[in-house]
Amino acid sequence: MSDNIRDAIAGEEVRVDYNSIEQTLAELWRIEKTEGEAVTRAALWNVVAHASSSEHHTSASEILGRASIAVPQRTIVIRTNPEGPPEMAAWISANCHLLGAGKQVCSEEISIVAGGDRVERVPPLVHALLIPDMPVAFWWVGDLPHENEAYVRSLLGPADRLIVDSVHFDSPEDLGLVQRTGERTSTPPADLNWVRLDEWRAAAASVFDPPSMRGRLKTLREIRIIANVTDIAYFGESVEALYLASWLVAQAGMGVDDSGNIPDLSCTFEFRPADTRGILRVDLEMDGSSAAIERHPERCVLTTNVDGQLNVPEALLRTSRKKVDELIVRELKQPESDRLLMKVLPSAIRIARRRSAA
Amino acid sequence: MTTVALEPNPLREGLEQERVPDASCLVIFGASGDLTHRKLLPALYSLAHDGLLPAGQTIIGFARPDYGDEAFRADIRKACNEFARTKPVDDAVWENFAKGLFYVQGDFTEPEAYNRLNQKLTECDRTRGTGGRRIYYLAVPPNFFPVIAELLGAEGMVTDPERGGPYTRVIIEKPFGHDLATARELNRVAVTTFRERQVFRIDHYLGKETVQNLLVLRFANGIFEPFWNRQYIDHVQLTVAESIGVEKRGPYFESAGIARDIIQNHMMQLLSLVAMEPPVAFEADAVRDEKVKVVRALRDFPAGHESSSAVRGQYTAGSVLGEAVPGYRQEERVSPTSRVETYAAMKVFVDNWRWADVPFYLRAGKRLPKRVTDISIHFRPAPYPLFKKVAGVRTQPNVLAIRIQPDEGIALKFDSKVPGPTVRTAPVTMEFRYATSFGAEPPEAYERLLLETMLGDSTLFARRDEVETAWAWLDPLLHVWEESPEPPDPYPAGTWGPPSADAMIERDGRRWRRP
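Protein sequence lines, in the order shown, are assigned to chains A and B. Each residue of the first sequence is one higher than the last, beginning at 1 in the working numbering. Each residue of the second sequence is one higher than the last, beginning at 1 in the working numbering.
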């Protein structure tokens with residue numbers, strides 16, 4: 001076994017000729033089968049991460065390495081710089097973890113770095129490296145590019161899902177770009193900020209589970225959301241709260257008009273500067289009852305209280321701030337992208353624009 | 001009275017848990033027992049941990065020992081810390097869970113105890129929003145079932161939406177009777193108080209992910225069903241092997257034996273799922289209708305020649321996984337002259353269009369070399385032996401192996417050419433392993449089954465006719481075994497059963513698969 005291959009199996013990045021990536025990977029597993037013990041290569045997804053800086057590249061590689069433990073995948077991390085020198089290089093490595101009883105499960109990782117006019121060669125190379133008959137998730141790391149749409153479209157061609165994290169977005173227009181991608185391509189978008197809301201949505205849903213509360217969602221009159229933000233001026237940090245409000249409005253059967261207002265409903269946000277971001281509390285007012293959902297950071301739980309004439313005990317849901325790899329795992333464990341995001345996006349954009357204008 | 005279906009909660013759309021049960025009072029009869037501590041309460045705690053229990057869900061332990069709420073909670077917390085899938089116990093989750101955990105002391109045969117229980121239930125309806133909804137879990141020996149059912153009915157503690165009240169459901173643990181007569185009697189008693197759709201007969205095998213995956217494998221994939229019949233399948237093997245002995249269950253096992261303990265219930269469920277026709281819908285009665293047809297189609301054992309199709313064994317001293325172990329007759333609270341079978345192997349036929357003359361070989365045993373539950377579908381060989389004259393080619397039939405536990409997964413064995421200048425073949429396997437592909441630990445069977453009961457979905461529970469039909473098929477054989485002067489064939493602990501079991505399958509030119 002060559003030292004290079006040994007290093008790849010040990011998790012080190014090994015530089016390979018980009019013309020023979022697949023061949024080298026095949027060699028890696030053939031050698032492992034002959035010399036290694038109880039190693040299984042597994043993949044349920046192709047995950048392609050696009051980074052625009054070496055910092056993002058390293059971070060994406062680490063995040064997907066951790067995610068591959070829960071969702072085995074072929075990871076392809078690409079970093080491009082159209083302004084850089086015209087060159088292209090590739091590396092391979094294996095993300096392995098012990099399954100128990102000495103068995104190892106490994107996922108493959110391929111890194112591609114391209115600059116100058118070589119950037120145009122990246123989409124076909126990536127397409128060739130996708131494992132057939134496996135879904136493809138495309139993770140755009142960081143902010144979305146507003147230029148070079150043709151390049152993005154060609155990369156997204158085979159993708160079954162586009163993953164973004166709107167916490168990095170600068171303005172409501174970035175959300176608009178996600179919405180347009182969902183509308184104009186066959187690639188449904190997924191936003192990690194939407195995934196962050198899973199527990200909040202479950203907690204809010206639990207308020208309306210008791211038969212006596214079921215009809216009251218339609219009488220929603222007021223939504224108040226309090227959230228912590230690390231940078232009060234940064235748009236991306238407000239998106240989680242915007243999504244939550246827009247979702248409640250949409251599911252209550254209400255609409256947001258073009259000016260960002262919701263007829264017969266008051267929707268307010270309070271953003272508090274803090275060291276860590278995240279929604280703290282949601283208050284809902286309905287006809288004849290009110291409900292509060294609160295996060296207790298030190299207990300890592302969400303509690304739900306319903307007041308008024310109804311007798312519903314406090315509900316509790318385990319929660320914690322999820323790391324990005326955990327959010328990606330959650331997203332990849334869904335067989336389909338959550339179509340509700342596309343329902344919520346237009347309302348969230350309108351509310352965001354109204355807030356920006358104010 | 002007509003019940004009006006509630007409109008769905010729109011906020012549940014797209015969430016992992018789209019259906020959430022309404023809060024109810026779950027009463028566990030036999031709350032001081034092993035099942036409650038090792039399985040039921042840890043499963044309920046894990047459901048709470050995962051946010052799958054509704055606000056207000058209430059659990060009331062009912063048993064004879066004189067506990068208070070606090071002592072019961074302390075005891076259960078300890079059990080959850082040891083046995084829950086989501087251990088160690090999380091303080092915040094526990095605090096909320098424990099608020100809905102109560103204990104009522106009482107004797108199952110005393111009407112006064114039911115009165116106290118009823119008062120507690122009414123109080124919980126008022127304080128916890130449980131709305132009169134009741135689930136009674138009978139984690140008690142079956143002989144208590146008649147008196148519990150009778151007193152629940154007499155005290156007016158059973159209601160039914162079709163009669164204008166909230167629901168009452170009752171969960172019964174196996175064994176569902178000792179034979180056909182006792183099973184019928186148990187069911188007769190049940191329907192004097194409950195309607196059949198209120199009765200949830202729990203067979204924890206049906207709560208296992210891999211068992212449920214049998215339905216998905218067969219009916220969600222287009223490639224298997226065309227081959228799933230006598231034209232392509234040579235035979236099927238089902239193995240339920242345990243490495244442990246009878247542990248502390250000597251007296252129970254002495255009255256049951258492996259056929260009653262495993263074959264009449266767990267194995268019948270596996271056999272039904274493998275052999276059933278596609279149901280018209282994925283709904284409780286549609287699935288169970290098809291399952292019961294399989295059991296109804298089981299061919300009777302040949303009268304007077306039962307031993308040609310059924311073998312029983314009993315383990316003697318030996319070693320399992322490197323440890324010396326005693327024989328069955330030397331086990332605690334087991335008769336030194338016991339003739340109870342700890343191993344059974346059977347050749348059975350499902351006499352219908354799909355499976356005519358395809359043998360299903362079943363075997364279950366204790367103190368076998370390892371714990372494994374496995375189903376293997378053995379396909380017929382290729383119709384023409386194209387390579388028969390080629391030296392170095394020995395083709396083998398394809399096998400689809402479905403591992404139920406442990407190391408759950410599916411493997412397909414087929415022949416492949418060995419690379420080289422000559423034609424040589426070797427069997428290879430394509431494997432899917434749950435742990436490799438999905439990583440996370442699946443929920444415990446009891447978690448799923450308790451949640452399904454709260455939701456009122458009985459798809460994963462045995463129906464009355466399934467139970468009685470299985471007994472009707474097995475009873476004659478058990479009777480022959482009980483009457484026979486011959487003891488079960490001995491087999492040393494740590495082996496795959498008596499030689500007579502090997503002989504039974506080898507007479508047909510086949511061999512047991514090593515699982």
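Hints are supplied without guarantee of correctness; some may be wrong.
Said to hold, decoys possible - Computed list of lysine-lysine pairs in DSS-like fashion (alpha-carbon distance at most 30 Å, straight line):
1) B:Lys99 - A:Lys322
2) B:Lys388 - B:Lys370
3) A:Lys103 - B:Lys417
It is worth saying that the hints were derived from the structure and are not from the lab. Every value quoted in this text rests on a predicted model; they were computed, and no experiment measured them.
How the hints compare with the structure:
Of the supplied pair hints, the one linking Lys99 of chain B and Lys322 of chain A holds, its CA atoms being roughly 28 Å apart against a limit of 30 Å. Between Lys388 of chain B and Lys370 of chain B the CA atoms are separated by roughly 37 Å; this puts the pair beyond 30 Å, and the hint is violated. Distance check on the hinted pair: Lys103 of chain A and Lys417 of chain B sit about 27 Å apart at the alpha-carbon level, within 30 Å; holds.
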